[in-house]
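Student: Knowing the structure of chain F, use the given hints to seat chains E and R on it.
Residues per chain are reported as follows:
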Amino acid sequence: MTLIEIRDLEVRIGGRVVSGVPELDLAAGRCTALVGESGSGKTTALLAVLGLLDGADVTGRVVVCGVDVLNAPEKILREIRGAKVALVLQSPQAALNPAMRLGTLMRRALARHGVKGAAARARAEQAVADVLLDPEILRRYPHQVSGGQAQRFAIALALALGAGVVAADEPTSALDVTVQAEIVAVLRRLREERGLALLLVSHDLALVSTVADDVLVMKDGGVVEAGPAARVLTAPAHPYTRDLLAAVPQMREQSREHRPDADGGEPDPGLRPGARRARRVTGSRRRRRRPHR
Amino acid sequence: MPVVHDVSLAVDAGGAGLIGESGSGKTTLARALLGLLRPRAGRITYGTADVTRLRRAERAGFRAAVQPVFQDGGEALNPRMRIGTSIAEGLTGRLRAAERRAAVAELMAGVGLDPALAGRRPHELSGGQRQRAVIARALAVRPRVLVLDEPTSALDVTVQARILDLLERLRGEHGLAYLLITHNLAVVDRLCGTSHVMFAGRVVESGPTGDLLTRPAHPYTLALRDAVPRVGGPPPAASGRTEASPAPSGCPFRRRCPLAVSRCREEAPRPRSLEGRRVACHRAEEVLGGRRG
Amino acid sequence: MKDEHDAGTAEAGKTPDPITVSGPGGLVVPAGVVLRRTPLRALAGAARGDLLATAGAVLLAAIVLAALLAPWIAPYPEDGGTATHPAQALLSPGAGHWFGTDQVGRDILSRILFGARTSLFIAVAVLALAAAVGVTLGVVAGYAGGWVRDVIMRVTDVFLAFPALLLSLALAVVLQPSVATVVVAIAVTWWPWYARLTAAVAQSVSARGYVDAARCLGVPAPVIVFRHVLPNSVTPVTVQLSLDAGGVILTAAALSYLGLGAHEPTAEWGLMVQQGQSLFTTDWWVVTFPGLAILVTAFSFNVLGEGLRAALDPRGRSR
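In order, the protein sequences belong to chains F, E and R.
For the first sequence, the residue numbers in our numbering are -17 to 275.
For the second sequence, the residue numbers in our numbering are 318 to 610.
For the third sequence, the residue numbers in our numbering are 3 to 321.
Here chain F stands alone, though its shape is the one from the complex (with noise of 0.2 Å):
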């Protein structure tokens, strides 16, 4: 099922073209990134998918979960923030009421849901179970709450209001690569097993490699390069992509992979039950080892 369709879509301001995406389709379960420097325009292109492009010209056709954003109500968008589409930005603490616990929060989002009570309360336990909290935040305040902790409970309250897709904008930007790697395996765990569709904006390519089914390299405004991210990151035709990647720092490493030595070995007595479940796979595939500079 297509979740998210746009075709032509275009971003004027002031008669320039910020911001152009000809064709991007998103089906449940898939993820499909926008990836540039700042000014390519890729953060336009993710607003106007949930309509929240005023005083732009914008053109084309966008339709999100079957509504033609652009000719939709204010009323019916406002259906589709929250309800179908989570947007999940760079730093969400910043935007959580600082006065109000994080289960009121949700709880008060479900209300406007029609949803309450018993009901509420478990689908936020659910909820946060999912991006693997532990249902105590739901006590906690924003302050009492890590950068990680707060961008995993917005993905929450995204899951608890039924979203079908998240719509994130550098999400993990502004963490530590420890908590981005456990955001990660969370957003792919979710992909994997509730089917959720992800629209991901990002100037890192390697995050990106990791995560996206298909990719859209923006520049000025415009798409130079399309398709699934494994050709395009690996193969890339466009000299501009070429560049992109050229970029991303490389690091030496070598034995990220399993030793044989070292599997099969008894459980250690300290090691907790939680431990392995999430940390996603490791991975025994042979990487391609790049010379050191």
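Everything labelled a hint here was simulated from the structure, so no lab data went into it.
Certain hints may be false.
[What the hints assert, rightly or not] DMTMM-like, lysine to aspartate or glutamate: derived pairs with alpha carbons at most 25 Å apart:
(1) K201(F) x D(-10)(F)
(2) K201(F) x D482(E)
(3) K201(F) x E61(F)
(4) K201(F) x D225(F)
(5) K201(F) x D528(E)
(6) K57(F) x E(-8)(F)
(7) K98(F) x D112(F)
(8) K98(F) x D116(F)
(9) K201(F) x E441(E)
[Claimed, not checked] Not close to chain F: a few residues of chain E, all C-beta gaps over 12 Å, as computed:
(10) H322
(11) T345
(12) P356
(13) D367
(14) E416
(15) A419
(16) G436
(17) E441
(18) V476
(19) A494
(20) R507
(21) A540
(22) R542
(23) V545
(24) R558
(25) P588
[Stated by the list, open to error] Pairwise CB distance ranges (calculated):
(26) Q126(F) x G378(E): 30 to 36 Å
(27) A414(E) x V225(R): 15 to 21 Å
(28) V225(R) x A561(E): 41 to 47 Å
(29) G148(R) x P221(F): 32 to 38 Å
(30) V225(R) x E416(E): 56 to 62 Å
(31) G83(R) x P396(E): 37 to 43 Å
(32) S339(E) x V157(R): 47 to 53 Å
(33) Q126(F) x G148(R): 27 to 33 Å
(34) A76(F) x A64(R): 55 to 61 Å
(35) H322(E) x V175(R): 44 to 50 Å
(36) R360(E) x Q126(F): 44 to 50 Å
(37) R213(F) x T409(E): 52 to 58 Å
Note that beta-carbon positions come from the ideal geometry of N, C-alpha and C, so glycine has one too.
Tutor: Quick look at chains E and R alone, frame taken from chain F:
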């Protein structure tokens, strides 16, 4: 409560990296090195002089020799001052206006910044240009050591690469030594011969950067490395429990460690030498052997 | 070297994507949360930013001009001083006296024009004095921290512990009643607010990268304070100053009423309001027009303050 304890490290011409998550104490340590904070105990020496006990005259010399390059996001440039004025701040002696302008132009050209931009204010420049201006300002006093605090993390990946090129070039031209603070291991690999991994205010592993990246001896180093996404690589490994606070007794990392055993709860590991590095982990041999949990 | 910047303006011009979401963004936006700017709200925003501030500035300029030109534009310039015309007492507004006359027959319009001089002088003098003391101490406290900050802030607390009007009253009683007394008496109670406000801002400014960088470059502390900390800490104070101007005018009026400040025959709005208040039910114009003068002036200062805040933000300048 001290935030940084028992840290010993040396910065030499080969460059030293300080790696860790936010809150690990790496920035506090950098501020102490810059003489902006006074440590409760211990010594920081520059050459043969103890930085914490400098006399007024010696302090000026030290101040000039060790300069910070803060990340762009932290308002490294006075938003009200023109770029040229900011860069000229460190120029001392009686300079006529024309001489000052010439010196600023030379510094700007040296970091690849068009001298015509001297009249701009920071918000009129791109992130990369601002970062170059910050470097030029530091170079004005002819320093020997630059303390680089996340110098590229706020930048687009292509701009990041150019700033790293610049830093590599400047190191040769000015005979600089770098102390690089970052959570990005790939950046460390490019600029630093030696690396120190910090967790909860302590250095948990130190050694040649190449060794640390290819064969980490501490589970935390391993987790940091495996969390870095790679183009065409497997998904980053999420170890889980990044929100667990450092343990107050025993090994501070044990709550996040997949290898933790009862000994880790009872006894804090002391740093010890192992295969050319210093590591504070009871099970470092097993980590080196490829064991992951 | 090939460089993204040598072209100069190209990159500076294309700052992040041209549209940024502010407000409640940053998270899953639940239904009902509106990020979209409605045309009405956009218009209100534009008006708040430009139209209103411009209106405030124009009004204030008119008031200042009226104050300066009072002797020439007032219909009865002698009524600003000692003249009295008992025969024309309490005439209602009409052709001869647009705003009517007071108990002793003076033209109220003329006295309002002259009163603008007194009120504006008091407001400017009080705020200048209070800001000079408060901002200086605040910036020093915020930058120095430690015991310097503690001492300055404790002294500030002592001043803030007294009710402002009471302290002003006590001072005004000790000193000779005059406009200068009013200025000193109010300024003494007003500066601690600026000290406290500035100290808080200066402390956060002092933690920014450019201040640390200047310290590392060996720039002397006084230079750092005046070059970096002060200019980046005063914006809230300038806004507060223009917001406070109306309050100062009111306080001055209260002191004048109690016989501790401006006194007859000096034309002063607060004095005029207090003198006319008992006549409100019968001769409404005596109290209403001076009251409106205070209101309009305070309002002008307020919207100007809001405009100043926008204009003084260096990032707002390019828009």
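Student: Hint compliance check: list the failing hint numbers for this structure, sorted ascending.
Tutor: Hints 3, 5, 18, 20, 21, 22, 23, 24, 26, 29, 30, 31, 32, 34, 35, 36 not satisfied by this model.
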